[in-house]
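Read off the chains here:
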Amino acid sequence: MTLLWARGQPRWVAFVRIIAAVALALAAFFIVRGAALAADPNGADTISADPDAGVNFVWTLTSGALVFFMQAGFALLGAGLIRAKNTVNYLTKNILDFAAAGLSFWAFGYAFMFGGSGLQPGLDQGNAVIGLSGFFLAGDAYDVSTVSFWFFQMVFAATTATIVAGAVAERTKVTAYLAYGFIVTAIVYPIYGHWMWGGGWLGGEQLQSLVGASAVDFAGSGVVHTVGGMLALAGAATVGARLGKYGPNGEVRTIRGHNMVYVVIGMFILFFGWFGFNGGSTTAGNDLRIGIIIANTFLAGATGAVVAAYVGLVRTGRISAAQSSNGALAGLVGITAPCAFVAPWAAVVIGAIAAGLMLVSVHVIEHRLRIDDPVGASSVHGTAGVWGLLSVGIFADGTYGISGFIAGNGSQFVAQLIAAIVAVAWALTMGFVLFNALKLTMGLRASREDELSGMDEPEHGESTYADDEPPVDDVEVNGVPAAEMQ
Amino acid sequence: MTLLWARGQPRWVAFVRIIAAVALALAAFFIVRGAALAADPNGADTISADPDAGVNFVWTLTSGALVFFMQAGFALLGAGLIRAKNTVNYLTKNILDFAAAGLSFWAFGYAFMFGGSGLQPGLDQGNAVIGLSGFFLAGDAYDVSTVSFWFFQMVFAATTATIVAGAVAERTKVTAYLAYGFIVTAIVYPIYGHWMWGGGWLGGEQLQSLVGASAVDFAGSGVVHTVGGMLALAGAATVGARLGKYGPNGEVRTIRGHNMVYVVIGMFILFFGWFGFNGGSTTAGNDLRIGIIIANTFLAGATGAVVAAYVGLVRTGRISAAQSSNGALAGLVGITAPCAFVAPWAAVVIGAIAAGLMLVSVHVIEHRLRIDDPVGASSVHGTAGVWGLLSVGIFADGTYGISGFIAGNGSQFVAQLIAAIVAVAWALTMGFVLFNALKLTMGLRASREDELSGMDEPEHGESTYADDEPPVDDVEVNGVPAAEMQ
Amino acid sequence: MTLLWARGQPRWVAFVRIIAAVALALAAFFIVRGAALAADPNGADTISADPDAGVNFVWTLTSGALVFFMQAGFALLGAGLIRAKNTVNYLTKNILDFAAAGLSFWAFGYAFMFGGSGLQPGLDQGNAVIGLSGFFLAGDAYDVSTVSFWFFQMVFAATTATIVAGAVAERTKVTAYLAYGFIVTAIVYPIYGHWMWGGGWLGGEQLQSLVGASAVDFAGSGVVHTVGGMLALAGAATVGARLGKYGPNGEVRTIRGHNMVYVVIGMFILFFGWFGFNGGSTTAGNDLRIGIIIANTFLAGATGAVVAAYVGLVRTGRISAAQSSNGALAGLVGITAPCAFVAPWAAVVIGAIAAGLMLVSVHVIEHRLRIDDPVGASSVHGTAGVWGLLSVGIFADGTYGISGFIAGNGSQFVAQLIAAIVAVAWALTMGFVLFNALKLTMGLRASREDELSGMDEPEHGESTYADDEPPVDDVEVNGVPAAEMQ
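Protein chains in written order, with our numbering: chain H, 554 to 1039; chain S, 554 to 1039; chain D, 554 to 1039.
Think of the hints as simulated: they come from the structure by calculation, not from any bench. Please read all numbers here as calculations on a predicted model, not as lab measurements. Every clue listed holds true.
Copies of the same chain look alike in the list, so a pair counts if it fits in one copy or across any two.
With a straight-line Cα cutoff of 25 Å, these simulated SDA-like cross-link-like pairs (lysine to any residue) come out: (1) Lys-992 x Val-867; (2) Lys-992 x Asp-1026; (3) Lys-992 x Val-1025; (4) Lys-992 x Trp-979; (5) Lys-992 x Arg-871; (6) Lys-992 x Ile-744; (7) Lys-992 x Gly-870; (8) Lys-992 x Arg-923; (9) Lys-992 x Thr-869; (10) Lys-992 x Gly-797; (11) Lys-992 x Leu-1005; (12) Lys-992 x Asp-1003; (13) Lys-992 x Glu-1002; (14) Lys-992 x Ala-573.
All chains, full assembly: derive it from the sequences and hints.
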């Protein structure tokens, strides 16, 4: 029984074993307790109460599938921006962070995030700080609405986890990364998410009574991107720069990745998925504002690409495809919070500013803070995410419930500012705590030899571009040519 | 008229010509006969009878498009797992098997599979063994419901055909493969499909009266994956191992593929498409169980990835990205039959077991049976598919019409077991008959020289990574520089 | 303020500055004027007037997202068919033509195309030649229906722009290409589009009264593909052949691209997106004809692939994956205009003929016209697009409002023929004017040195496959190892 009991194995085995044991025990408890319960597991009651519910389910689930597909975009984008020798390592993290994120969000994260929100059946217990029901989708949470909403929220949690992979790429051990992914989606992400979306104090009446407005974050510039980007920054700072990134006299070196086709296609996949990310956040196809949300999403991304390209052209006389791609992504991150609340012209402005801030941020992080973020995740998601939160307070025009400066309301900006400060503080703090804890226990950084040779063979026994050619044997065994033996 | 009449051409020309002549004659017959007929070709009657039909059409067609996109996933996954020298050959098979599958399923397969089911207009003739109406979508089958349903079913047929491509890769002639693809989707796949889904004896009252339950296969663990996987096994066994796979002393050699990025992105595309595969199988967006189906699909795939990764980590100290990807796919195959009938926790268990069985199966097929399946298709689809069928009989909880062991019903498991045995027996038998028939007539295996040099140039005149650099001529012709002549 | 004011910069800076200044001034005007106006920006009135509107929005927006994703398909297909040394250049054009297209279609194109159509709120001013309202989606055009329709139409405009990128690849300067993209989607595309779809003379009563039928183009064989293909032809002719394409004695040389995997996956992505392209063109999920549209789309594409493969097999004994892919695309282009009006058997015939015509066209353009189109865009989109327009007049069977020859109506064919002639004449004329204007002002063709060395480094400072390995320094700075400095 090697799987359950083995001697002399490294620390990650203990970690996995503890997590698995706790999860199984809790699962057994909740599943047994909930066996007789279930709100509406086949949907008959739900659709008879709301005959139009089908459109909303179709929209939410299709959108969730698109958000899932963003995993392929992150995988390609990152793989292209790093070196071939570490690509299997990066890809493995991509596979396992969405998978582990999905499982930990099923077991714990969803309950911590949405318990007490009352948004769906089985999510009734919780307070302004943390949610406490919906574990394992058991009991009353075994309901078509609750589970559909879980799927849509889970792909957001997985996105947050994945944002970090690029920032710590090319020198972080895969086992440490997996522990990180599980904890972030079980605890770190859900708690801020609860504050904003799950009935907590930022999006609820507490902040309203404090500053006159609750914070809003339509599709997650803050919840997903600021949190993910700040965790990425903390991770990159803690694990340290790649060998050779900074020279002996402090010079900053560019380390170009190994495949620009991957980068651009990765960007296109992310852009495509973003329509689900923002559009699906109504969780209702019958909310026709989805048309404006999706158009705004496009406009901000397109503008971000053009601005980043043009800035590069003016400054260097050349247009960088990688920078243009990051410009598009920054525009998309920026519009994620305000997409539902602003007019198309404002989406263009928001996307342009997001791309500009991203470019400044990349420079500051790389040259001033001297933190090595190989894909620019901290800037694309973190910095543009903060801007996205703030932009709601400026450009929300009141046509969809929220008013910012241009509609004559100043208190919304204050609420957005607080939400942004809290997101940065929470994610940076938790990120430094978590990554330093992993550094001290499991170890975070690959050995110098592995980093120099590439992490693919030592950590994975695979090479991205192996293309083996085995010897071809002309001998026979028992009269059958060896090569045709079956 | 080379296309229709040529001397001295090889056997595949005769094959294609016969198929085409038969198809054209039948098409003319059915189209002429059906010219005056058509049930509801513009949908006006259908939507006036059911004003909510639009949601169901949108869901089914969107899902079908996602399943189509799985072709890109299979293409990438397989291309990555094989060597560069045979990649054009593999890709060509991918293009042409879906295309030929689509045409043969339009002409014959759909009628054999769903004739007599009465599921849609124009599908009224057939018996418990085979269907006999709906050929060429002509006559009453020229109806919005019938044609939409055809599209969704056709992409399933094409998936089945494609599963085999990886198992026989790197040594099978493209012309033989095309003949295989046409016949499988015209006859082999539709007949088992008829038994299960088209009003035949497995899914109908015959098995019900025999063992107390009809077999169910919600989205095709059996119909698509077991059948496809067993055809793959028969194909790989018949065509024989790649040169060099087994050494002179019987040792098994690993032949690593040429691009792990393709492998992982291929897996992500397949995972994405699977939401359509399983979710769309309600063919109704108004059936809200789709939420639980899609969440279960995700959970099983994620668990499969984690389990395969963890087993590798414990056994070798390393995590294989390829093995993790196959783990995800095995989990997805396993949940395909039960996805609608089980609770989320059961999806986790089903995915975990599917991944474990897949790993065992890969070892047994490669080392014990000594069959060379370069991508593991037999195990991922065949073995996990059998498990998927069986798991319905264990975990179906009665919330969606079907009850298994955990809901106190044993007869469902018996029905599932029979369905699994029949699927394996039918597909293996037909697979061996078909591939051996091709071996004896058209020839199945590439020549030794082509296999050693790679099949791309000899069979396709193309090279995956050519990147030509022609000579640049500085001369002029008639006063115009050669390079600028237009 | 380098961004706004700089000396000694090249002509493109002036171009961009002028465009930006005009756009900003107009935007300010329309936005300020429209600030108090808005038809239904949150959709409440729209859905209360039509409670089923949600299904239509979901269908249109999902389809639009799929069409957007075709950008990734074009990027991969083209990247694969060209050489590695120019791939960043090609990808950059892909990023920026969709982005610039989106912005220019937001500012100008949509208003020129649909103003006066009255199809949505805010589109009321225009005549038979050009539309004149809807600029910047401001005023009454800030409406959920108008903006959703904009999104769907905008991705079509972006597709048209992108078609040209492949035809002029490997020798066209990126700045000239960007100017082209902006102008085409602001003016050239929208004007023909207005004539056909926006209330203009081809699709309206003017042609009806002239020849007895208005022209129809369901999803854009003419509006998108013929126009795009003819612009591509004009561009390729104007910029001239790649160095080395034609030899000193006039011989035609094949220049094979650098990655066939990209080509095939690009084709699959395009095929996938085409379901949105054609299916979404109902802009209504409640129009159940979508089922037949999507099935026809598939059948034509599949048949095109099979026909192109088979023709190659008969002629050369080999099957080209690239040619099969282009066959699928030609079939898809061909079915784009007639997809809603014909029966499945006719889709098969249309796809087969489209592939055949494409093959002939590729030969004629390359060998007779001696125009170098590296990806065959002129033939795949232009020639097959013309056939698509004509095929409506032949195969429309009267079940969906339009009747062609087979339904006993000859006047439809005349209308289609006129539409095709107009499309070719308009796009070729505008294409030659535009590309020659760029040639004379900004310069169109890369320098000989850049073309020989590849355009990636000189124009973009990037290399597709860089994979840098910086020196690793073992020194320390202030006691901290250089490589770990942060």
